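So the chains spell out like this:
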Amino acid sequence: MSIDLIVNGLQQGFILAIIAYGIMIPFRFLDFADLTADGAYPLGGAVCAVCMLTGMHHITVVAIPASMVGAGIMGICTALIHLKLRVNSMLAGIILSTMAYSVNLRVMGKPNIALFDCGGLFQESIGHNILIIAAILAVCVIPFAVFLRTDFGLRFRAVGMNPNLAKQQKISIEKYTIFGLFVSGTMFGLAGSLIVQLQNYMDVGIGVGILIHGLASLMIGEVMVGNATLSQQLVAPLLGALVYQQAQGIALSFGLAPSDLKFFTGSVVLLVTALPKNRILKRA
Amino acid sequence: MLSLNNVTKSFSGVFEPVLKGINLSLKEGEFCTVVGANGSGKSTLLKIISGEYFADSGEIRRNGEVAQVVQDVNKGTIPAMTMLENIALSRMKTPRFAFYRRHATEAIANVRSLNIGLEKFIDQPLGILSGGQRQTVATLMALISGRKILLLDEHTSALDPKMQKELMEYTARSVRELQVTTLMITHNLEDAVKYGDRLIMMHKGRIVADIGGKEKSELKIQSLLEMFHRFENQSLMHEGGEKCPLT
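So the protein sequences, as listed, match chains Z and G. According to the numbering used here, the first sequence holds residues 1 to 284 in order. According to the numbering used here, the second sequence holds residues 1001 to 1247 in order.
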């Protein structure tokens, strides 16, 4: 395995960590099975690509927040469909992701956009890029970790852990669910905008299977550090994403075709999901 | 502090009303135990007081917010959160952008007299404690929530006899000290006789006995048991809902 593969894995791993955090928030804190990632991630990318194409001078100032807000609104829509129309949370996510495909095409105007010479955050130096992505991740995660240790954060966590008790404590499950899915959506949007700037290319299909990559990262992280405490829950997505990307790199270096990566991902998710529960697998 | 005036409640598909013209008034700091057979309407009464159910007719007045401790400890606490976090959650009337640890620690310091002997577990997930210890924490959460009305729905019934006794002693001592108006459902007639200022017996949706004051302090478990069996055996005699004289 070459050093390039490791460094590239690190770069991709930090972006994947943002997605894993976006998946973790509704799953772990709201007990909400949110599948919006497949639609919100490319929406973030599409908004960013259009901003870049328009040649805005302060690309990061406008494109990244716009991508985050766009994808965040999609998260709010998923929450509202579930809360107001009483549609199952998973189904709401699937419906929204399907609809987002058309929205993304409308936003982009065509299925793919090349963004060379359009500026952006990243440079040729991969080390510089890793530092920028890590800094952005820290700017998102640290305030959220602080928020979780405040009164509001405690109430937010209570919503998913015991909705009955939350109601008794007069916590508005609706408001916190909408807020949580907005935050989760902004994470997907951020990741989408970063990947587009990194690749200098936006394709309407970039979101296909992204949920399963994020979920695999989260599961790996939780198997490694556990999820019993808040600190463990906050470390798991980052660690899991970095390990998962390196595992993909190892698989590629052993000659696995890139087209086989989705099969590899599915197998990893199955393994880490079954491992903590299955005695036979543990013994093996 | 708490009054119910002619409260009735029916459920669709059930022919007979679950509560039939309930009249009950509790003073501030009064500790009232509720006994009755399964299906007599005790839990429905508590759910109406807590606001979980709406009465079909009648009037309910609550001069204060209601805290509740239920039989299933998983419903009243969050096992994945630490003891401190659970307590912080129960104290939080108006959330702020401030760290919860500080005000939860202050709250615990303010209620040292309600010491439950579990302080060493303060930063441990509640899930590692035994059922009895968790129920004690759930009771502490309700007690220090600052709410003036406390509803206890068989909160000791899932515990072993020793833990039941300890938790009942703790509950009785604490509600007395904090002057919380308390309504406690129990199937343990011994507890019903021993604790509280007042005892009511429910039967088929009605209050059939209301014993307080000197009569309550002189009440013997044998008399209560006889009364309980008499209603069970002659349930049709009291369809009119008249109060049963204590014999």
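Keep in mind the hints are simulated off the structure, nothing from the lab. It should be emphasised that the depicted structure is a prediction, and the values quoted were computed from it without experimental measurement. Hints are not guaranteed to be accurate.
As the list claims (entries may be wrong) - List of simulated lysine to any residue pairs, SDA-like, C-alpha gap at most 20 Å:
hint : chain 1 : residue 1 : chain 2 : residue 2
1    : G       : K1020     : G       : T1008
2    : Z       : K167      : G       : K1027
3    : G       : K1020     : G       : E1052
4    : G       : K1075     : Z       : A228
5    : Z       : K170      : G       : I1144
6    : Z       : K170      : G       : F1097
7    : G       : K1027     : G       : T1105
8    : Z       : K170      : G       : K1020
| task | Please name the hints from earlier in the document that this structure breaks, with their numbers sorted from lowest to highest. | result | 2, 7, 8
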